[in-house]
Amino acid sequence: MAARDMMPAFELLQPATVEDALALLKRRDKDGWVLAGGMDSLDWFKDRIKRPKAVVELGRIGALRGIRARGADLEIGAMTTLTEVERDATLRERYGLLAQAARRVATPQIRNRGTLGGNVCQDARCWYYRAGLPCYRAGGNTCYADTPTAINREHCLFEADRCVAVSPSDTAPALIALDARFVVRHAGGEKEVPAEEFFIGPKTDITRMTILQPGDLLTAIRLPAAWANAKSYFEKAADRNAWDFPLVNVAAAMKIEGGTIRQARIAVGGVAPRPLRLKAVEESLLGEQPGKEAAEVAAKAAVWGARPLNHNQYKIPLLANLVKRAVRSMA
Amino acid sequence: MAAYKLIGKDFLPPDVIGKVTGRAKFAEDFRAEGMVFAKLLRSPMPHGLVRRVDAAQALAMKGVLGILTAADLPKVTAPAEPILTSEPLYVGEPILAIAAVDETTAADALDRVKVELEPLPFVLDPLESLRPGGANARTEGNVAAPNLKLQTLKWSARDFTAVREGELPRGKPAEEWHYGDIEAGFRQADLVIEESFITQALAHHAMEPRSALAYWQGGKLFLHGSTQSLAFSIPPLTRILGIEPANLHYVSENTGGGFGSKAAAYTQMAIPAFFAKKLGRPVMLRVSREEEHDFGRSRPGFQGWVKLGFRKDGRLLAADLYIVQSGGPYGAVNDFRNAGRHVSLVYQPLAMRWRGMPVLTNTPPRSAQRSPGETQTSIAMDPVIDKAARKLGLDRVAIRHINAPRSDGTIGPKREPLTSSFLPEALELGAAQFDWAAKQALSGKRTGSKVTGLGVGIGYHAAGNSGFDGLVLIRPDGKLYIHAGAGNLGTYSYAATARAAAEALGMPWERCEIVYGGTGRHVPWTCIQAGSNTTFTITRTNHVAAMDARRKLQEIAAREVGGEPAAFEVGGGRVFLKAEPAKGLAFAEAAQRAIALGGKYSGQELPKDLNPMTARSAAALAGQGLMGVAKDTLPRNGVIPGFCAGYALVEVDVETGQVEIKEYLGVADCGTVIHPKNLGNQILGGAVQGFGMALLEKHVYDPKYGIPATRGLATSKPPTYLDVPVNMRWAAVGKPDPQNPVGAKGAGEPPEGAAAAAVLCAISDALGGAHFGRSPLTCDIVLNAVEGRPQPFKPLDTNI
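Residue numbers (my numbering), protein chains in the order written: chain A, 282 to 612; chain B, 580 to 1379.
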């Protein structure tokens, strides 16, 4: 195999404004690569697997950083670091779910560099794909992780479609549970999409994890006032307590009045190629007391339709139990 | 116990400040005029044959200086490991190297090298290779080990069908031994249990990858490398390089860990050496983390079976052990043999049989890793001992205590004696400090989703050697220079052992210098800096060298002051008349006299029994002061056992399968404690490595393609700071070993197995005695067990 751990040369572009960045991305089209904190990109570069001709680095665009009020909502610039997300006082107070999720990402060093935008845009972590094998997702014509003997302990339970990789983000389920909006800009304008629509599965496009097309830029994430101070729960099950991707993670936000669940949003990661909103679970909870019984029903509903691979059957009880805990915690 | 001034006291080893400030230099921090960089082309497949190499395009690139292939290098005889290969035997094995003015160019050049590889059959699971018609890891055979020739051995279909599903098949072994009558032992036993087990193979993950810089000057090779040992690395290194030891100037001031993977020498160091010769320029090979994971060695996994017969009081009457070892492609490990010795020692069975089958696999090359063989055996045996204790209604510490060797215990088929064993005392001290008896009430207690479990484990390794040389010099500046041939691999034992010389001469530590870091520092022939050998072995050599200096000081003082040499005492940097301490000489004056006297006093005449390396070093230092130099001929009879008893309290989350280690205590039997702070680092550091083995780390391969899923720290998952308990403690028995001048034995190896076994036993304890027979116990395995789901693999499946 060729050398790894050695970054090939590329043209580095460091625009100072979003407009310049968009213009550069438009001009470079498919040759361009957006670099945020680099915690995903640099791995690809150093492994010499992804070799963009031009890299547009966003670190100099001040407008992309910071957490600010936007009316009653809160807006987080896409280049805000995960450490900032984890520590911001307003966020912790009003959207503790996201701060908690950010705190469970990787390690302090990685959170100091890694950004919220980067965390939700990161690529699949399937080890076959990351090894540089020519799988479907890499433009080839097979899935190495879905053979009778494949090592797929970390792969998906739901929505397999030629690819069985999972969404590795810890913040994505939290953002879906909080009904966040993702602001996507391109040379032609801006659109705001609900968090759950930002992420796509292989059925939509096997080579991408999100709706972002060449030329697009995720500039900010908006948290709606409607879900501020909701009761919430986040848990990540991983092999290690730091420097690890989730085997399964769960994020839940609920509005409870008089001991009854009036609204509920639950999303999970690590079980499908995209972070999955568990609508059947949410529905099962409406009008219920957040006790043991509701938790049992929610746990069962969470794993409906799960189709395990060889080595990931444990994810079924793990997912069920995490959802159960999320519901129980609301009591 | 002797009253020591230095032994047993904390001190600051001289390299610590450099490591904290960043000034310490490791191999890749050095530069040489005209230096160029080499990069490696590695095998993408687990076994193949290089049919053709076309490097024309690469060599035509600007800045590219040359290529090195197996054809440029000495041939080796199978199963020895070549420096570069034309028949790669594992993914990541170096096939060729390209040198260029910088690494980017070298890497770009590698992209342009065309290598035609013919895939060959490969083996990841040893049992598959033993099946009739099963593939061999090498074209020449499938079984090899040190002193066991490379050969093809297969078991019959009957061997495989004679056992239950999940039980280790037991065909004819490559080796076996026994003592006593095991069948009689099993007949007399009140309880007979048998279990099959599997332990994982895993990488060493030394923090410093094995980078090296080499250049040639005046017919001599100057090599900056990363090895655990210093002196002991020279013979194997010069054998690989094909040069005389006198023609190697080797520098290794600091080594960023090895855990056995850099014990002496390894083939990759020779790549820049040969390349530098070919190009006539200094060559640096910086090894990346992924490369270190690929070829930086790993611990062999075991597939095994054990049958144990106990008397109702817990005494082990008979043991029958079978080990199949995944030996990598070169099979250069004794782990499978050490397993038998471990059981024979730790449980003192009255009768025992051991059988072993070291199978070759197309996986990273193996080497010793912290308690090689013994750590795997702790992991395999301790849970079985627990199972027996439960069936016999015995306390789990008590069953270990009744079987543990006392100092009259023995080891191996020849029932060799021990220098000392205070394992029973270590178990007792641990039980007391851990509050084992009172904590039993917590066993199996559930709070929310978390269930508490307690475990105890025993780690062992033969921890010492003898017969090496010591070399000290008192210079006219009045200081004591202790020349250390041990390497500085990060354990600081090179420094702690130097204190034995200072202690013997009553020398204040601030007037001592440790001379270390390279052959240019004139070091004595010294044992391998691995396997917990240094402490026992080098306190002896430094002691005998210091005693030689002491005799010479007394003789010089007698000459100067008058009287018999025996009338003089040494201490505080002086040699003086016992009866009249004011009369005497300062060491500075004695050193001047020694230089004037010459002969043996200043190293012009040397003892005849010195190793040639020591003689060369002493000759280079001759005439510069008063020399103490001697071979360690102190009596020694027996194996020097280092032990550690580990105690763990864990919480198992039965809803996620996750295990949290809440509390850990490690208790060493390492004889006299010579450097408490550092001993603590070893006991607890070893424990962290053990936690990784119990819960997290492993080699994983795709069975179809033979490619590794784990290729570095992120995917192999050694424990992080947040995965180890805050509550970690250590203690030591502290009883001196009678065959060491300061009573010390090795300590660094046993803590890993003790901790790993204690954690695995604690998990079983939390789950009502559930027996897994496997490591590591990742959360998926635990959760499946708790949920009563079948595991997605067969009991003896490897690499999953």
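For the record, the hints were derived by calculation from the structure and aren't laboratory data. Worth double-checking, as some hints may not be accurate.
[Claimed, not checked] The list that follows gives simulated cross-link-like pairs (lysine-lysine, DSS-like), each with its CA atoms no further than 27 Å apart: (1) B:Lys1162 <-> B:Lys584; (2) A:Lys573 <-> B:Lys856; (3) A:Lys512 <-> A:Lys484; (4) A:Lys331 <-> B:Lys693; (5) B:Lys966 <-> B:Lys1058; (6) B:Lys891 <-> A:Lys331; (7) B:Lys856 <-> B:Lys693; (8) B:Lys966 <-> B:Lys1241; (9) A:Lys327 <-> B:Lys693; (10) B:Lys970 <-> B:Lys1029; (11) A:Lys334 <-> A:Lys307; (12) B:Lys1058 <-> A:Lys334; (13) B:Lys641 <-> B:Lys966; (14) B:Lys584 <-> B:Lys970; (15) B:Lys856 <-> A:Lys334; (16) A:Lys327 <-> A:Lys472; (17) B:Lys1024 <-> A:Lys573; (18) B:Lys1179 <-> B:Lys1157; (19) B:Lys654 <-> A:Lys327; (20) B:Lys1029 <-> A:Lys581; (21) A:Lys311 <-> A:Lys512; (22) A:Lys327 <-> B:Lys966; (23) B:Lys1283 <-> A:Lys331; (24) A:Lys311 <-> A:Lys331; (25) B:Lys1373 <-> B:Lys1283; (26) B:Lys654 <-> B:Lys598; (27) B:Lys1029 <-> A:Lys512.
[Unchecked claim] Per label pair, the in silico range of CB-to-CB distance: (28) A:Phe291 <-> B:Gly1367: 29 to 35 Å; (29) A:Lys484 <-> B:Gly1367: 32 to 38 Å; (30) B:Val1305 <-> A:Lys331: 53 to 59 Å; (31) A:Ile330 <-> B:Arg1368: 33 to 39 Å; (32) B:Asp690 <-> A:Arg368: 54 to 60 Å; (33) B:Arg1368 <-> A:Phe291: 57 to 63 Å; (34) A:Lys331 <-> B:Ala1016: 54 to 60 Å; (35) B:Ala1198 <-> A:Lys331: 56 to 62 Å; (36) B:Lys604 <-> A:Lys331: 44 to 50 Å.
Where is the CB? At the ideal position from N, CA and C, for every residue including glycine.
Non-conforming hints, listed in increasing numerical order: The structure conflicts with hints 2, 3, 5, 6, 12, 13, 14, 15, 16, 19, 21, 22, 26, 28, 30, 32, 33 and 36, although it agrees with all the remaining ones.
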